[in-house]
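**Student:** Each chain, written out:
2 protein chains.
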Amino acid sequence: MQALGRQILAEFFHCDGQILNSVDAVKMFMQEAAAISQAHIVQSVFHLFNPHGVSGVVVIAESHFAIHTWPEYRYAAVDLFTCGEQVDPWKAFEFLKTSFKANKVMTMEIKRGQMDVKGTELHYKPPLIKTNKDLVLTEASA
Amino acid sequence: MQALGRQILAEFFHCDGQILNSVDAVKMFMQEAAAISQAHIVQSVFHLFNPHGVSGVVVIAESHFAIHTWPEYRYAAVDLFTCGEQVDPWKAFEFLKTSFKANKVMTMEIKRGQMDVKGTELHYKPPLIKTNKDLVLTEASA
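Line order of the protein sequences matches chains A and B. Residues in the first sequence are numbered from 54 upward in steps of one, following this note's numbering. Residues in the second sequence are numbered from 54 upward in steps of one, following this note's numbering.
Hints were generated in silico from the structure; no laboratory data involved. Note that beta-carbon positions come from the ideal geometry of N, C-alpha and C, so glycine has one too. Mixed in with the good hints, there may be bad ones.
Said to hold, decoys possible - In the EDC-like style, the derived pairs of lysine to aspartate or glutamate whose C-alpha atoms are separated by at most 20 angstroms in a straight line are: (1) B:K164 / A:E64; (2) A:K157 / A:D69; (3) B:K157 / A:D169; (4) B:K164 / A:E125; (5) B:K164 / A:E162; (6) B:K164 / B:D141; (7) A:K164 / B:E162; (8) A:K150 / A:E85; (9) A:K164 / B:E125.
What the hints assert, rightly or not - Covered by chain B, according to a simulated footprint, are these stretches of chain A (three or more residues, beta-carbon under 8 angstroms): (10) 59–70; (11) 92–100; (12) 111–122; (13) 126–132.
Input sequences plus hints: build the corresponding full structure.
**Tutor:** Okay, structure coming up:
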């Protein structure tokens, strides 16, 4: 059984609450995490909620990185979903753990799209692009 | 132990490949799924990839719904991450299962942000809004 993708579900506890409540900081760290893991950023959307908490997603050519923060509990839920062999989501995880100053973490890695296709190569979605600048999408709607 | 959120990881196999390759259809179904589950849509981003496959995220006030499709395998990976008691992600799941004509599904529900806060009420991020129209965010950057 091969898998089309893999997903790290990361629980970041005992983080820096101020960082978790800064939409600019959270966005910057999530985009940096994507770059560090060799992912290709397609689009980023981040929102700061009232009274507190940030939600955001970095859509990458290789799937997505998502975050939801609860600064009042110094907690962040992070998903790192990637496909292909070139992207290493664990590099993103380590970077974010340090960036958010998480003193307690829990992780789970899950295979997505497991299929019995022995002998044939699985196709990954984003083999055509090199960098964010020359990213070519056939259609985009937001 | 209470949890701040819950997340359904859904594997949709044996779907309608044409639907999975239509960015308009996938976006429409994902937004409809959010509405059916009583979630409040903040922003939607969807992309059609070359040669095929759709990636998209509906950011909701209660977290996010995400999808990645592999039409060539008639497969879609769907995440339904919600917080609070008012949103029922399983309604979204049932709607999407029907919409994508999935003949085989696998699901996993995971608690996110489990904490020992007995006796106090957990705060959910989005208690202030009613509809998409009167959604008030203190800051947004995309």
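**Student:** The structure should be examined with respect to each hint, and the outcome stated for every one.
**Tutor:** Each hint tested on the structure:
Restraint check for B:K164 and A:E64: satisfied, since their Cα atoms lie roughly 10 angstroms apart, inside the 20 angstroms limit. A C-alpha spacing of about 12 angstroms is found between A:K157 and A:D69, which places the hinted pair at or below 20 angstroms, so the restraint holds. Annotation: proposed proximity of B:K157 to A:D169 holds, straight-line Cα distance about 14 angstroms (limit 20 angstroms). Among the hinted pairs, B:K164 with A:E125 is consistent with the structure: their alpha-carbon atoms are about 18 angstroms apart, no more than 20 angstroms.
Restraint check for B:K164 and A:E162: the C-alpha separation of about 15 angstroms stays at or below 20 angstroms, so the hint holds. For the hint linking B:K164 to B:D141, the alpha-carbon distance of about 14 angstroms falls within 20 angstroms, and the restraint holds. The hinted pair formed by A:K164 and B:E162 meets the criterion: a straight-line CA distance of about 15 angstroms does not exceed 20 angstroms. A C-alpha spacing of about 13 angstroms is found between A:K150 and A:E85, which places the hinted pair at or below 20 angstroms, so the restraint holds.
Of the pairs offered as hints, the one joining A:K164 and B:E125 holds, with about 18 angstroms between alpha carbons and a cut-off of 20 angstroms not exceeded. Counting residues of the stretch 59–70 of chain A whose CB lies closer than 8 angstroms to any CB of chain B gives 3, which reaches the minimum of 3, so the coverage claim holds. Using a Cβ-Cβ cut-off of 8 angstroms, 6 residues of the stretch 92–100 of chain A lie near chain B, which meets the minimum of three, so the contact claim holds. Three residues within the 8 angstroms Cβ limit are the bar, and the stretch 111–122 of chain A against chain B gives 6, so the coverage statement holds.
For the stretch 126–132 of chain A, the assignment as covered by chain B holds, since 4 residues bring a beta-carbon within under 8 angstroms of that chain's beta-carbons and 3 suffice.
Checked against the numbered hints given earlier, this structure breaks none of them.
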